[in-house]
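Based on these hints, arrange chain B on the given structure of chain L.
In order, the protein sequence lines correspond to chains L and B. All the letters of the first sequence, read from the start, carry residue numbers 1 to 111 under my numbering. All the letters of the second sequence, read from the start, carry residue numbers 1001 to 1114 under my numbering.
No wet-lab data here; the hints were simulated from the structure. Keep in mind that the hints are not guaranteed to be accurate.
Pairwise CB distance ranges, derived in the manner of DEER restraints [what the hints assert, rightly or not]:
| hint | chain 1 | residue 1 | chain 2 | residue 2 | range |
| --- | --- | --- | --- | --- | --- |
| 1 | L | N67 | B | K1038 | 26 to 32 Å |
| 2 | B | S1062 | L | G60 | 44 to 50 Å |
| 3 | B | E1067 | L | G41 | 23 to 29 Å |
Think of the CB as a built atom: it goes at the ideal place given N, C-alpha and C, for glycine as much as any other residue.
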Amino acid sequence: QQQVKQSPQSLIVQKGGISIINCAYENTAFDYFPWYQQFPGKGPALLIAIRPDVSEKKEGRFTISFNKSAKQFSLHIMDSQPGDSATYFCAASDRGQNFVFGPGTRLSVLP
Amino acid sequence: DTEVTQTPKHLVMGMTNKKSLKCEQHMGHRAMYWYKQKAKKPPELMFVYSYEKLSINESVPSRFSPECPNSSLLNLHLHALQPEDSALYLCASSQVGQGGETQYFGPGTRLLVL
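Next comes chain L alone, as it looks inside the complex (with noise of 0.2 Å):
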């Protein structure tokens, strides 16, 4: 119930294209969903952040689109750069009581 799924586990990209990872969650008293970047060395830092009274939100070349029904919220890396390589969390939030990480994302762009 408290789990977040995310997939793909590994993403390889070409360098302007687009990259895209689906998360999907079962809690439905979850209501703020954050994407967190990591690179290596590093804390997360957060990406773009989405509530589920919006079903997309989009952010210079990043985007979040969300399917309360369906309850999966996905990310989109448009125009995908060499310097966007690092590992990508999607996250859900219930109230700020739980905050539930999805497993990860290790994106790599290629020049």
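Same frame as chain L, but now just chain B:
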């Protein structure tokens, strides 16, 4: 300033040692968190402090002892750790609210228990 600082960056300790990790933020956040992250795994929540009071303890062994002396500081006291406790320990902070508050993470302390 959206920075959370953590010291030390690296720590090596024996199983009989006592050490402490320190976390500091000056963003006025009243919620602070400790996470443990193993290699190639997501961060796992250990403790949550809200208004300097412990609000969540995710069944963490007593060899980990958190302390929040004031609204800007968070400590994690370590004693009699096991080699499997070796990991990256992350501190985070956020506003306290009804949910949807961004957590800001520090760079972490990489701990090795021998």
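So, going through the hints one by one against the coordinates:
Taking 26 to 32 Å as the suggested C-beta distance range, the pair N67/L and K1038/B conforms, at roughly 31 Å. Distance hint check: the CB atoms of S1062/B and G60/L are about 45 Å apart, consistent with the given range 44 to 50 Å. Between E1067/B and G41/L the Cβ separation comes to about 26 Å, which falls inside the hinted range of 23 to 29 Å.
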